[in-house]
Amino acid sequence: MMYDSLNRRAFLQGGAAVVGGLGLPFTAQAADERTLVVAIPSNPSTFDPINQGNHDAMVVNQLIFENLIEIDGEGRRRPLLAKSLPAISEDRTEYTFELRDDVAFQNGQPFTAEDVKYSYDYILDPANKALRRSVWTNIESVEVLSRHQVRFKMKAPFRPFLDYMTKYMGIFPAGSREKYGNEIFQQRPEGLGTGPGIFVSARSNDVVEFRRNPHYWRKDLPGWDRLRVRIVSEEAARIASLMSKSVHIIGAPPVRDYLRLRQAKAQGITGASRPALGSMMLMIHNTRKPPFDDPDFRKAVSLATDRKTIAEKIFNGLVEPSAVPAPASAWWYNAKAAEDLAFNLEKAKAHLAKSRYASGAEFELLYSSQGYLLDVADAALFIQASLARLGIKVKLQPLETGQLIEQVFGGNQTSALMAVIGPSDPTFIIQGIYTPNQVMTRSSGYSNERLNALLTESFRVDDEKSLGPILADMQAILAADSPSTWIGAVHSFNLWRSNVQGFEPNTGITLRLTDAALADLR
Amino acid sequence: MWFASRILSSLAVLVVVSALLFALTRLTPLSPARIVLGTDATVEQIHEFERDRGLDRALPAQYAAWVAQLPRSGFGTSYITGRSIDIELRESLPVTVELVVATFLLTLAGAIPLGLIAGLTEDRWPDHLIRVLSLMAVSVPGFWLALILIRVFAVRLGWVPPIGITPLAEGWHAHLASLVLPALSIALYYIGALSRLMRASVIEILGQDYVRTAHALGLRRSLVARYVVKNALPPFVSVAGMSFGYMFGWAIIIELVFNIPGLSRALLTAITQRDYPMIQATVLVVTVMFILSNLAADLIQRLINPRLRHA
Amino acid sequence: MLDVARSTVTAPMASAAGIRAVPRLSGLTGTMRRLAQTRIGLVGLVIVGFVVLAALLAPWLPLHDPLDLMMEHRLEPPGPSFLLGTDEVGRDILARLVWGARGSLMIGVLTVAIGLSGGLLVGILSGYYSGTLVETVLLGLMDIFAAIPLLVWAIAIVGIFGTGSVQLGPLELPNEAKIILLVGLLFIPGLARVSHGLALAEAKADYVAARRLQGAGAWSIMASDILPNILSPIFVQASVLIGIGIIIEASLSFIGLGVQPPTPSWGGMLADARSLAFSDEWWVATWPGLAIFLTVIGFNLVGDALRTVLDPRRRDGGPAQ
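Residue numbers (numbering that gives the first Met the number 0), protein chains in the order written: chain A, 0 to 521; chain B, 0 to 310; chain C, 0 to 320.
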């Protein structure tokens, strides 16, 4: 009521003249014919698939660049640019792919095995400083067997290989790097991929625009003529733009609005969620910086974290609590290790008393101000209040997502609260954060010889029976050292207008838009 | 002659203020080298970085070098993003300028008539009504108003988009419509403030003896009104010009609420990234706008006020 | 006239409070008494008094802990147990509002205190020594200061130095102190211009000449004759600036550069409530917004009433409601 009466007056005073003068009311439908508009929270700092560190922004490069295989909406592996899943040699060091012969790049160049070799050779060349190079170093060579046949040779059996192939890469045409230069890949990758969307234009922090690839090899796809990926950093603004029909699909909706609107059919809004595979919400502590250079202090923080309340009260079940780097529902979850870190204030106080920071400590906790993958602002407040009870002072520092990722990847943070996601392989996060020379190694500053050995060992096996004990050991080591405070696996959830068809939340969280189409143009 | 000296003094002010700004960005607790190179950087690396960019020289020398390269290479590139600051500003500045101009026009369209009406009907009901409204207008925080406006006019009624500025390519009326809420969120305060100023000027002029005499002599009302407007405008112009400059500040806050990719985004991102050259450039641009708008206001005021012209 | 109008940071009051013959009032107490007799003045004083009282008494009021996250009471609507409801993480909004008033008022009042002391000093000095180098230098300095767009600089400077405490020599300045200092400094030129105009008129008055003949020193004249006489009209300006200071503090907190969480502040509460702006939990964003709105109205009403009281020609036509 207050709102209304206030506004009428405010409106009469100034706005009426202008709006009235326009004659036409604003048409709430921002989209014209078959233009799909989606909103993501953070700005892609690059469009280059080999350097993308932001999974929300990955929607952009995944529309342009494709891989040999992909993970479908349900989390299953399936061929994409390959005709089928590869033939794997007996000793599991050779993967042979049959490629599709009906694919062309957006610039018309036909897609062949040479392009695959070129792309992988490029990312593997240390001189090219690809962000994601570290996950590929097990590849010994890529061989072109024929025009549409390619073989990957591993240095040793490498279980996660196929899983990793679905992300952190994208095939670009042979010779394209030399011809166009990296800046084009970074800023204007026009016609460089095989994907459904052709890059049209981009304005930093505002919008990236695509048009339909008319020669896309999956006929009849995509279901739109134009696609606008809008960068809307304010989560309230994302909700507002969805409710006012300015956008059709939004990423990283605030949990509360998601719960409220997912059933709001009357308002023309739908929502759904599913577990995000290979995800983890955690506080990444820098073990080389005080106060996290003391294992007892780290344990105290972990023990003082009430994951159940965070998961149920703040995320309403969209986070599945776990005190170790494995989803609690996964077959490899080490319940005993997790039990040792379960919420227990008394134990937390005991560990704190044993630590060098018994008399209290203060640290800065970074998190994304825009919501990255999911909004952790409330959780940050909760953690601040929980640790205050131990006499630990937390200074909250929200940062723009790109900046947060940069700080964390560079290991400049003291502690950061965020969600991470990777391929669904159980060792991905452990490898990426807690073993040497990986993308996020510096964020934890952690290193453990036995963990490294176990990881290498885990790559050689592929069956639950042999892998199970290794993974359990790894969790036990990490739980004992607590380089991070693991909070739980997250869900992927989105809200969209009911007239969007063929869209569903992706197990990888990044929006999948190839199949999305507008049912009606109203 | 007056004009030349006024410009000179503006320039002098600009030099001093920019030097102050420059000094402030150099007094930072964190060395830019530390920010760019990270905590692992060795002392040698830091020194090298500072040497390369001339950060090890004395402040006045750095300032002189900075000013000297302005005409040639503009603001240069950001240490942090490696992007050209000029490109960044060329993208974001027009957005903000357009919003501020829209705000300013809205302010004039609201404040002048309301102030006149209130002044001419002093102590009668239109005056009372306008005074209540303007009191509310100068007291409401713009960002709260913005949230309310979005809720009512964008989400509930769907008349205007809730966020962003619709590109001109989608039609000028959609474009203008998307400007209304953000502009109104900033303008309301100035409509309130400037209408009060206008009212006060009008009342003062009406109270002058010769106006009262003219009234008493039965001079036509329209003539009196024209005289009043003509004399009430000069002080109004000067304050309005100043308001134009101030609007850039509020635009920073309001752009954030409406997700408008203007200077706000540039400045706030630069702040979280500790991108000092970018902060410096953005603030300098706003300051220049501010000084220019004051200059323009003085000039206009002189043109419309004959007494000043001959002074 | 023009000069003074130009100088007012806030356009509105430009009618230049003091230009008309300033009546010699019997000091501030008289002004206050007459203020309370006007309708608008009374309303303004009541609002301001209420907020000040709430802020002062916060520790003794029967309130919940403003920092306590009651996760089982998230987003409860206003009701008997939480009069104004709870926020997104189950904190009592009334408690946060009352505690938040402290920061808002403190920053609003102290910025103006700094602005006033600086402004009066510069204004009276330059007014008294009118026509000398002192005036030229001081006014030139003010010109430079006045060329600084306040809000943008405040944002940038807090941004540059960060929201943490800053070590300034032996002093440790928390973020709030930084904001007070900054905004206060930037308030100086406006107040200096107004007081300069007023002091100029006073300095030329006969009684000052008479005092000089009596052998009174410059400082004594400035402090005991000019200052008391220009104080009342300056307070018109000051009460309006307090309102603006409160809005600036709220804006800075809104964009995360002001009072840092978990310390409650009105702007910070609004920032937290932003994500709720479109849902049904209207109370979270409404109360802190209203608190700022009403408090600023209170100070503006006091300013309006002061002006009316000080200007004998104007009757009270005030908007009492």
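Take the hints with a grain of salt, since some may be wrong.
Examples of chain C residues toward chain B, derived with CB under 8 Å [unchecked claim]:
no.: 1; residue: Leu138
no.: 2; residue: Asp142
no.: 3; residue: Trp152
FYI, nobody ran anything at the bench for these hints, they're computed from the structure. By construction, the Cβ of each residue, glycine as well, lies at the ideal position given by its N, Cα and C atoms.
So, going through the hints one by one against the coordinates:
Interface hint at Leu138 (chain C): violated, since its Cβ lies 11 Å from the closest Cβ of chain B, which is beyond the 8 Å cut-off. Interface restraint check: Asp142 (chain C) against chain B, minimum CB-CB distance 6 Å, threshold 8 Å, status holds. Proximity of Trp152 (chain C) to chain B holds as hinted, the smallest CB-CB distance being about 7 Å (cut-off 8 Å).
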